[in-house]
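S.K.: Sequence:
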Amino acid sequence: MPRFKIFYGWWIVGAGLVCLLLAGGIGFYTFGAFFIPLIDEFGWSRAQLSLAITITCVLGLAAPLVGSWVDKYGVRII
Numbered sequence: 009m010p011r012f013k014i015f016y017g018w019w020i021v022g023a024g025l026v027c028l029l030l031a032g033g034i035g036f037y038t039f040g041a042f043f044i045p046l047i048d049e050f051g052w053s054r055a056q057l058s059l060a061i062t063i064t065c066v067l068g069l070a071a072p073l074v075g076s077w078v079d080k081y082g083v084r085i086i
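Each residue of the sequence shown is one higher than the one before, counting from 9 in my numbering.
Treat the hints as calculated values from the structure; they're not laboratory data.
A virtual CB, placed ideally from N, CA and C, is assigned to each residue, including glycine.
There's no promise every hint is true.
[To be verified] Between beta-carbon pairs, the in silico distance windows are:
| id | residue 1 | residue 2 | range |
| --- | --- | --- | --- |
| 1 | 39 | 70 | 17 to 27 angstroms |
| 2 | 78 | 39 | 27 to 37 angstroms |
| 3 | 33 | 59 | 34 to 44 angstroms |
| 4 | 21 | 49 | 31 to 41 angstroms |
The task is simple: from the sequences and hints, build the whole structure.
M.R.: Structure, rendered in structure tokens:
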């Protein structure tokens, strides 16, 4: 029976996917564990700290729109 060989590039894609999933999951889902300590340490209100994660979510949802805009108009040095 012939042995099926997976192209090396797919191993790189898989490793990158695992890294992205872990980094995104750790950053997003552990936010609640640090919520109260951050409020106590810096004296922020719950609304101020919640705004940070809200902005992160909105920017994530806007990323495809920004990507298509960059494809259409290109990038320029400011």
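S.K.: Each hint: holds or not?
M.R.: Against the structure, the hints come out as follows:
no., hint, verdict
1, 39 x 70: 17 to 27 angstroms, "holds (19 angstroms)"
2, 78 x 39: 27 to 37 angstroms, "holds (28 angstroms)"
3, 33 x 59: 34 to 44 angstroms, "violated (21 angstroms)"
4, 21 x 49: 31 to 41 angstroms, "holds (39 angstroms)"
Comparing the model with each numbered hint stated earlier shows that hint 3 is the single one that does not hold.
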